[in-house]
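Participant: Protein chains in written order, with our numbering: chain A, 1 to 648; chain B, 1 to 60.
Calculated directly from the structure, the hints in this document are not laboratory data.
Take the hints with a grain of salt, since some may be wrong.
Covered by chain A, according to a simulated footprint, are these stretches of chain B (three or more residues, beta-carbon under 8 angstroms) [unchecked claim]: (1) 35-49; (2) 52-59.
Sample of chain A residues with no beta-carbon within 10 angstroms of chain B, all distances over it, derived [stated by the list, open to error]: (3) Ile68; (4) Thr69; (5) Glu166; (6) His226; (7) Leu275; (8) Lys299; (9) Leu312; (10) Pro493; (11) Thr509; (12) Lys581.
Keep in mind that this is a model prediction, so the values were computed, not measured.
Idealized CB from N, CA, C, for every residue including glycine.
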Amino acid sequence: MGQDKKVILVGSPNVGKSAIFNALTGSYVTVSNYPGTTVDVSHGNIKVGAHHKFSVIDTPGMYSLRPITSEEDVARKIVTSEDAGCLLHVVDAKNMLRMLPLTLQLIETGQPVILVLNLYDEFLARGMKMNIAHLEHDLGIPVVETVATQGLGVENLCSRIVEVMEDRYKFTDVKKVVYPAEVEDKIRDLYGLIKNRYVLSSRALALLVLQNDEYGLDVLKEEKEHESIKEITAGLPHERIEREISIARHETAQEVLEERLGAATRKSSGWKEGLSQIMVHPILGLPILAAVLWFGLYKFVGEFGAGTLVDLIEANVFEKYVNPNVDIIFHRMFGDGIFFGLFAGEYGIITLGARYAFAIILPIVFTFFVAFSIIEDTGYLPRLAMLVDRMFKKIGLSGRSVIPLTLGFGCDTMATIVTRTLESKKEKIIATFLLALAIPCSAQLGVLLGLMGGKPMMMCIWAGTVAMVFLLVGFLGKILVKGEDVSFFMELPPLRMPSFVNVFTKTYTRMVWYFKEIIPVFIAASVMIWVGKITGIFDILVRFMAYPVKWAGIPENASPAFLYGFFRRDFGAAGLFDLAKSGELGGNGLLIASVVLTLFVPCVAQFVVTWKERGKLMAIGMALFIFPFAFFIGFLLNSILNGLGVKL
Amino acid sequence: MKCSFCGLEFESCGEKKGCQGCSIFSQCGKIKCPRCGYMVVPEPAWIKKIKSFIERKKRK
Chain A
1 MGQDKKVILV
11 GSPNVGKSAI
21 FNALTGSYVT
31 VSNYPGTTVD
41 VSHGNIKVGA
51 HHKFSVIDTP
61 GMYSLRPITS
71 EEDVARKIVT
81 SEDAGCLLHV
91 VDAKNMLRML
101 PLTLQLIETG
111 QPVILVLNLY
121 DEFLARGMKM
131 NIAHLEHDLG
141 IPVVETVATQ
151 GLGVENLCSR
161 IVEVMEDRYK
171 FTDVKKVVYP
181 AEVEDKIRDL
191 YGLIKNRYVL
201 SSRALALLVL
211 QNDEYGLDVL
221 KEEKEHESIK
231 EITAGLPHER
241 IEREISIARH
251 ETAQEVLEER
261 LGAATRKSSG
271 WKEGLSQIMV
281 HPILGLPILA
291 AVLWFGLYKF
301 VGEFGAGTLV
311 DLIEANVFEK
321 YVNPNVDIIF
331 HRMFGDGIFF
341 GLFAGEYGII
351 TLGARYAFAI
361 ILPIVFTFFV
371 AFSIIEDTGY
381 LPRLAMLVDR
391 MFKKIGLSGR
401 SVIPLTLGFG
411 CDTMATIVTR
421 TLESKKEKII
431 ATFLLALAIP
441 CSAQLGVLLG
451 LMGGKPMMMC
461 IWAGTVAMVF
471 LLVGFLGKIL
481 VKGEDVSFFM
491 ELPPLRMPSF
501 VNVFTKTYTR
511 MVWYFKEIIP
521 VFIAASVMIW
531 VGKITGIFDI
541 LVRFMAYPVK
551 WAGIPENASP
561 AFLYGFFRRD
571 FGAAGLFDLA
581 KSGELGGNGL
591 LIASVVLTLF
601 VPCVAQFVVT
611 WKERGKLMAI
621 GMALFIFPFA
631 FFIGFLLNSI
641 LNGLGVKL
Chain B
1 MKCSFCGLEF
11 ESCGEKKGCQ
21 GCSIFSQCGK
31 IKCPRCGYMV
41 VPEPAWIKKI
51 KSFIERKKRK
């Protein structure tokens with residue numbers, strides 16, 4: 001009996017869905033690819049007593065009925081096409097809040113749903129408590145707690161499955177999410193036009209088409225009133241509606257759990273949840289951000305990486321052994337001939353290129369990537385996105401822009417590509433521009449932090465100037481670039497302790513890529529400088545560069561560093577590092593040079609990517625604006641410092 | 001793999017086929033999260049091997 005209707009297991013990855021499947025079905029299961037895909041789907045049977053036998057399907061992990069991955073797509077196809085006698089939504093009891101929105105979405109499909117709170121032992125071990133009878137009452141569906149790996153609760157789950165499959169459980173008062181009035185009005189309009197019967201309820205289908213979901217639109221093609229449906233949905237702000245739907249489900253889940261989680265739970269989920277709340281708070285979150293920047297970047301990258309480690313490698317390895325010996329060896333080989341200058345001397349591939357790459361950039365990017373990987377692994381970045389969302393709206397961006405802007409601190413070129421993921425054209429343009437102007441890449445930032453290490457006043461003026469430029473240009477972008485402002489919402493993943501293996505893996509992989517990328521650039525730059533020196537072009541360019549450099553109040557001998565900056569900004573920063581170490585820049589000169597180099601034109605790779613992503617007009621226009629603008633800000637800062645008589 | 005930004009778990013369909021858009025000399029090998037677009041650093045093969053070796057040892 002009951003072989004027609006199936007039991008379908010649904011849930012996010014890593015909630016123990018397969019463990020539930022195995023506990024229900026035993027060892028007789030078949031695993032096959034879902035037709036037309038390489039995604040595995042498991043089939044089996046449940047036997048309950050002597051009289052009940054049902055087919056069970058274990059679907060791939062899914063987060064919502066709006067699929068992103070191929071696994072989610074297959075899971076949705078199964079949920080929307082199979083005749084489900086019962087959907088088992090398996091959740092990790094510890095992370096119910098994140099998973100309950102999918103339960104609400106499954107309830108909306110109109111199919112019978114059982115909520116399975118798996119990993120319940122871990123839930124209890126954290127001192128959390130749940131009034132399951134009350135939760136069942138609130139949701140209007142059966143709720144069962146299980147520890148699938150130990151078989152706990154599985155018997156109870158089987159009884160509830162039988163109850164549902166035999167239509168003995170009445171899903172009469174299920175929890176309904178109430179959406180904003182505008183969305184509810186559209187649902188009502190669509191509801192009246194959907195006449196056929198589908199596996200999904202009319203409300204669920206209406207919600208899908210309001211979000212411009214292809215599957216929903218495709219299903220409703222069969223409707224007589226298809227044209228009217230298209231008229232209603234055409235021109236709607238689908239992305240905004242999708243966000244509003246998502247927020248409404250999240251708030252409903254929060255409301256249900258707020259009432260039903262025991263007080264002990266609220267207390268014990270305490271410190272992490274509390275810390276998470278503080279991190280996203282518009283005022284309380286700022287000291288945490290400041291602490292992350294101060295300890296993570298300034299102290300660790302700036303002082304330790306760019307100070308201690310660079311001194312160690314440069315002074316003890318390159319200046320003491322490598323460079324003098326390279327000079328001697330190549331002098332013996334080429335005498336004072338032109339090839340000596342290619343490998344050794346002031347601008348040689350080894351004495352300049354390799355020294356910059358290994359003695360200056362290596363320790364800096366290493367410490368930067370360690371700090372970044374730790375921050376990334378804790379789950380702080382999405383919280384940072386929520387924190388800055390409000391401020392970003394004032395400059396035409398949303399919290400989502402934190403993704404490319406944060407990645408920009410690793411590599412601006414890659415981050416420029418990531419601006420593709422932003423929702424509006426306006427946001428893409430502003431973010432691309434800000435990346436090119438005011439976001440220094442990892443090595444450049446590290447070198448600059450190292451240059452200003454131990455000079456907190458200088459660091460504050462530098463950070464303040466760059467932040468002001470960032471906000472001012474963003475604000476002007478918001479006014480000048482046409483387009484709709486966007487909102488941002490995301491479910492926050494849990495905070496976690498960073499794992500050593502993750503941090504090591506991320507740092508290692510990033511370092512390998514970084515060096516594969518920069519070593520050829522540094523060699524190419526050294527060769528071009530060598531050719532330029534022989535032909536005299538280098539000296540001409542240095543003389544040309546000296547005009548804006550002097551105008552901005554930077555000592556003239558910094559001009560070559562700005563020329564290097566055209567290849568890569570970190571190469572230019574390394575040039576400044578050399579000058580600063582020999583004391584040739586002075587306090588004010590160092591500050592202004594750091595500001596100008598931070599705002600300096602994008603490197604060749606970023607320029608090419610901007611051209612590909614945003615078009616040649618924007619790429620060329622951006623470079624033509626940024627070059628004089630960077631020096632103008634330097635000039636302005638120099639005038640203010642001189643006017644106030646500030647000597648750093 | 002798991003997105004370091006939004007926490008989405010997804011199957012990568014081959015790190016080597018990642019985008020080739022930005023680097024001049026080498027691919028960064030990062031995988032774009034299909035939900036939020038964050039560039040996720042994949043685990044190198046040798047680390048995966050060490051991990052599975054340790055797992056096997058633990059089981060024994």
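Participant: All hints, please: hold or fail.
Facilitator: Checked hints:
1. 35-49: holds (count 10)
2. 52-59: violated (count 0)
3. Ile68: 4 angstroms, violated
4. Thr69: Since the minimum Cβ distance to chain B is about 5 angstroms, threonine 69(A) lies within 10 angstroms and the statement is violated.
5. Glu166: 35 angstroms, holds
6. His226: 30 angstroms, holds
7. Leu275: The assertion about leucine 275(A) holds, with a minimum of 17 angstroms to chain B.
8. Lys299: 23 angstroms, holds
9. Leu312: Leucine 312(A) clear of chain B: closest Cβ-Cβ about 27 angstroms, beyond 10 angstroms.
10. Pro493: 3 angstroms, violated
11. Thr509: 5 angstroms, violated
12. Lys581: 29 angstroms, holds
Comparing the model with each numbered hint stated earlier shows that hints 2, 3, 4, 10, 11 do not hold.
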